[in-house]
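Colleague: Chain residues, written in single-letter form:
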Amino acid sequence: MKISVKKENGFVEYESSLVDATLLEVLNDIKQTKDNSLAFSSGCRSSVCGSCSMRVNEVEVLACSYKIQDGDRVEPLKNMEVVRDLVVDMDKAYSFNKKAKAWLSKLALNNALDASDAKINEVQSDCILCSSCYSACPVYAVNGDFLGPFALTRIWKYASDKREDDVQTKMSDVQTNGIWDCTLCDNCTVVCPQNISSKADIEMLRMKSAQFGFMDPNFGSFDGGFGFDGSPSF
Amino acid sequence: MKNRYDVLVVGAGGAGLTAALNAKESGANVIVLTKEYPTRSQTCMAQGGINAALGNAGEDSVEDHIANTLKSAHGEADPEAISFMCESAPKAIEWLDSIGVCFSRTEDAKVAQRALGGASASRACYAQDYTGLKILHTVYDRCLEADIEIQNEKYLLEILKNSSDGVCGAKILDIRSGEVEIYEANAVILASGGYSRIYDKNSTNSTASTGDGIATAARAGAELIDMEFVQFHPTGLKSCSILISESARGEGGYILNSKGERFTKELAPRDVLSRAIDAEIKKGEEVFLDIRHLGEKLINEGLPQERKLAKLYENVDPVYELMPIKPVAHYTMGGIKVDRQSATSLKGLFACGECANHRVHGANRLGGNSLLEIVVFGKVAGENAALYAKQNGQTECLEVDTSSVIDEIKGYENVLDFYAKREHLGDLFYKNVGIVRTKQELEFALREVQDIKANISKLGVSDTSKVYNTNLVEFIEFKNSLDVCEVVVKSALAREVSCGAHYIV
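In order, the protein sequence lines correspond to chains D and P. Numbering of the first sequence is given in my numbering, commencing with residue 1 and proceeding in unit increments. Numbering of the second sequence is given in my numbering, commencing with residue 1 and proceeding in unit increments.
Simulated from the structure, these hints should not be mistaken for lab results. Positions of the beta carbon are idealized from the N, C-alpha and C atoms, including for glycine. Heads up, a few of these hints could be off.
Example chain P residues on the side facing chain D (calculated, C-beta under 7 Å, incomplete) [claimed, not checked]:
#: 1; residue: D141
#: 2; residue: A279
#: 3; residue: K283
#: 4; residue: H424
Okay, derived cross-link-like pairs now, DSBU-like style, lysine-lysine, Cα gap no bigger than 30 Å in a straight line [claimed, not checked]:
#: 5; chain 1: P; residue 1: K390; chain 2: D; residue 2: K106
#: 6; chain 1: P; residue 1: K91; chain 2: D; residue 2: K34
#: 7; chain 1: P; residue 1: K421; chain 2: D; residue 2: K6
#: 8; chain 1: P; residue 1: K466; chain 2: D; residue 2: K7
#: 9; chain 1: D; residue 1: K6; chain 2: P; residue 2: K410
#: 10; chain 1: P; residue 1: K308; chain 2: D; residue 2: K6
#: 11; chain 1: P; residue 1: K283; chain 2: D; residue 2: K7
#: 12; chain 1: D; residue 1: K34; chain 2: P; residue 2: K466
#: 13; chain 1: P; residue 1: K283; chain 2: P; residue 2: K421
#: 14; chain 1: P; residue 1: K410; chain 2: D; residue 2: K7
#: 15; chain 1: D; residue 1: K67; chain 2: P; residue 2: K308
#: 16; chain 1: D; residue 1: K6; chain 2: P; residue 2: K466
#: 17; chain 1: P; residue 1: K410; chain 2: D; residue 2: K34
#: 18; chain 1: D; residue 1: K34; chain 2: P; residue 2: K110
#: 19; chain 1: D; residue 1: K106; chain 2: P; residue 2: K91
#: 20; chain 1: P; residue 1: K466; chain 2: D; residue 2: K162
#: 21; chain 1: D; residue 1: K67; chain 2: P; residue 2: K201
#: 22; chain 1: D; residue 1: K106; chain 2: P; residue 2: K466
#: 23; chain 1: D; residue 1: K67; chain 2: P; residue 2: K238
#: 24; chain 1: P; residue 1: K466; chain 2: P; residue 2: K201
#: 25; chain 1: P; residue 1: K421; chain 2: D; residue 2: K7
DEER-style ranges, computed between Cβ atoms [what the hints assert, rightly or not]:
#: 26; chain 1: P; residue 1: D147; chain 2: D; residue 2: A141; range: 41 to 51 Å
#: 27; chain 1: P; residue 1: L387; chain 2: D; residue 2: G71; range: 51 to 61 Å
#: 28; chain 1: P; residue 1: S345; chain 2: D; residue 2: L109; range: 35 to 45 Å
#: 29; chain 1: D; residue 1: S95; chain 2: P; residue 2: K490; range: 22 to 32 Å
Bound-form chain D, shown alone (with noise of 0.2 Å):
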């Protein structure tokens, strides 16, 4: 089976010899075996570390969890600088769940949440923080402020839970560069690892933030727009 990997100077073409394997199992194969200086980062294998994202033939996977197949072209990640081969710098994608303030605004203490509230946001709190989401991005292709879907999965993750009490502002933090950019194109559901959608976070995000008073400043932003009531103001 052959696969090319993306290196510094293009496209490298490998032969390997495992079968029905990991991209994980034969990318470790040809860095002790063929390539000693190929550069990707991994750590469980059990897709839960989020350390080995990268695309293959162009959609993000997580190397650990896609099973290679002839032909396959492995390339890093996009919208974020390549450090080397298929190592990407992700300190930015991450620098936005601070950016977004995504924590508990305060300790929640007494705490009284059941079964069905734990339901809420059982899968946002899934994420692995991987960045594939931010690489098939096409907002934050464009925006480098766009906060981006994993940061916003993770503040709806807390804004939906019952121990926030200030979820207003929540909701104020992520009004600049954040829901109303989206373009609810769906790419980041589509390559997320742990099945989690953003892009239904983000209108999740957008309804509770409309509960609260906040407007889609693109909406608003017509000239001579138009008021709450859909008359036009003057």
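Given the structure of chain D, go ahead and fit chain P onto it with the hints provided.
Modeller: Quick look at chain P alone, frame taken from chain D:
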């Protein structure tokens, strides 16, 4: 490049981040360095749960938690440390709940709990089978809130000491730039993880669990203790050693041989069960984990990762098929000797998490106690390091240069492939320093380790790049593993009587 902090934390898993948070809350100026990114550590792989005698799923008591932990430890633990940990457990869960950890819950609005091996009650609080992941990410979010500086892809090369023998910082390789950097700190906390990867592919662990912090601390003069105690998890997937969580048995899974017979008690402590499975395999049987009778609904709700991983790596769907398993290295009880304040034998050096040995697991750890340990002792380490840093003031590193092991490695011949050696050694350790040990096998393994160490300059790296040289980093990790291997075998040889996970015949 010079950087100065009150407290330097090496490692950004559950223990390191909890320590950083508590050091910061104690008023210290803190930095966290990790060789990966935060949230990528071994903590994210902990699935089963975190123990606390809350009694949310049937009667339980702190006394029982202590008694179960002591029993599993086989007399090799510190009873006071265990009492402290178990008594602190309900508070630890309360804190995790307060910062927003998405635990599974009961209908009557309590944190859900389930049974794990060796526990007299359903004591493990869980979040589906993502318990460690959800705890780790939430603690990380809290560190962001606390504005703690975290620097990624920084690899620990050396712990720096002054002539007074007090720790004054660390020498660090910036993996991205290839530069060696000095970080000065009044106190250093190691939270760098365990050493299960000395068994190479015969381990459930992340490839990062290479014992770096332990080897580095030992080189600086810190004492290690009980290094022979390595826990083999009974249910690693046969072909890839990926963990199938104990919760699969907690929920009622069976262990079967090729004849379809149950031959052992599924919820026996891990060491006992691993030996039973190992013996069955040595008889020529194949061994399987069977959860088919639990039903698709329960499997999807409580064990979703298990199903995904079994399909991916073994091509079996556990809803309909048996999962082939073998016991594999999973957790290392041994580590850097620390006291009740998480202080090592080196002044100013603290340790917590799997790299440390607080003597709460003794000769065999109970499932659900390691997540508890990192939260409870992460706090202890963070607070005490901050206190130490405050009391001792600035300890400037007197003599520092940026020469390091890297310069030495550059001179190695690289005529032998270290990846092959690493695999060979991992397999040898699995066989000779594994579930059942003999003096002769241990002595053979020791000779092998010492032989590789003596000829280390024949190995080396072929990648000469300065930027993100994983070939080099993996080689330094291997060198650290070799140091750890030697101590593990020597400790195993020194303990002539079987005890817990150390079983010698």
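Colleague: Does each hint fit the structure? Answer for all of them.
Modeller: How the hints compare with the structure:
1. For D141 of chain P, the shortest C-beta to C-beta distance to chain D is roughly 4 Å, which falls under 7 Å, so the interface hint holds.
2. For A279 of chain P, the suggested interface contact is broken, since its CB lies about 27 Å from the closest CB of chain D, more than 7 Å.
3. The criterion of a C-beta within 7 Å of any C-beta in chain D is not met by K283 of chain P, whose closest approach is roughly 29 Å, and the hint is violated.
4. Hint on H424 of chain P is violated. Least Cβ distance to chain D is approximately 12 Å, over the 7 Å limit.
5. The hinted pair formed by K390 of chain P and K106 of chain D meets the criterion: a straight-line CA distance of about 28 Å does not exceed 30 Å.
6. For the given pair, K91 of chain P sits about 52 Å from K34 of chain D by alpha-carbon distance, which is inconsistent with the 30 Å threshold.
7. Simply put, K421 of chain P and K6 of chain D have alpha-carbon atoms about 28 Å apart, close enough for the 30 Å limit, and the pair holds.
8. With a C-alpha separation of about 15 Å, the suggested pair K466 of chain P and K7 of chain D falls inside the 30 Å cut-off, and the hint holds.
9. Distance restraint check for K6 of chain D and K410 of chain P: the Cα-Cα separation of roughly 27 Å lies within the 30 Å cut-off, and the hinted pair is therefore satisfied.
10. Distance hint between K308 of chain P and K6 of chain D is fulfilled; the C-alpha atoms sit about 29 Å from each other, no more than 30 Å.
11. A C-alpha spacing of about 48 Å is found between K283 of chain P and K7 of chain D, which places the hinted pair above 30 Å, so the restraint is violated.
12. Between K34 of chain D and K466 of chain P the CA atoms are separated by roughly 20 Å; this keeps the pair inside 30 Å, and the hint holds.
13. Straight-line distance between C-alpha atoms of K283 of chain P and K421 of chain P comes to about 29 Å, which keeps the hinted pair within the 30 Å bound.
14. Only pairs whose Cα atoms come within 30 Å are accepted, and K410 of chain P paired with K7 of chain D is accepted, the gap being roughly 24 Å.
15. Taking the CA atoms of K67 of chain D and K308 of chain P, the gap is near 13 Å; set against the 30 Å cutoff, the hint holds.
16. For the proposed pair K6 of chain D and K466 of chain P, the alpha carbon gap of about 19 Å is at most 30 Å, so the pair holds.
17. Distance hint between K410 of chain P and K34 of chain D is fulfilled; the C-alpha atoms sit about 20 Å from each other, no more than 30 Å.
18. Restraint check for K34 of chain D and K110 of chain P: the C-alpha separation of about 54 Å exceeds 30 Å, so the hint is violated.
19. Proposed proximity of K106 of chain D and K91 of chain P is supported: the alpha carbons are some 17 Å apart, at most 30 Å.
20. With a C-alpha separation of about 49 Å, the suggested pair K466 of chain P and K162 of chain D falls outside the 30 Å cut-off, and the hint is violated.
21. For the hint pairing K67 of chain D with K201 of chain P, the CA-to-CA distance comes to about 19 Å; that is within 30 Å, so the pair holds.
22. Under the criterion of a C-alpha separation no larger than 30 Å, the hint pairing K106 of chain D with K466 of chain P is inconsistent with the structure, at around 44 Å.
23. Between the alpha carbons of K67 of chain D and K238 of chain P the distance comes to roughly 18 Å, so the proposed pair stays at or under 30 Å and holds.
24. Restraint check: the Cα-Cα separation between K466 of chain P and K201 of chain P comes to about 28 Å, which is no more than 30 Å; the hinted pair holds.
25. Our distance criterion of 30 Å between C-alpha atoms is met by K421 of chain P and K7 of chain D, whose separation comes to about 27 Å.
26. Checked against the given bound of 41 to 51 Å, the beta carbons of D147 of chain P and A141 of chain D, roughly 29 Å apart, lie outside it.
27. Range check, L387 of chain P to G71 of chain D: Cβ separation about 60 Å, and the 51 to 61 Å hint holds.
28. Look at S345 of chain P against L109 of chain D: about 39 Å separates their beta carbons, and that is inside 35 to 45 Å.
29. At roughly 45 Å, the beta-carbon separation of S95 of chain D and K490 of chain P lies outside the given 22 to 32 Å, and the hint is violated.
Hint check: violations occur at hints 2, 3, 4, 6, 11, 18, 20, 22, 26 and 29; the rest are consistent with the structure.
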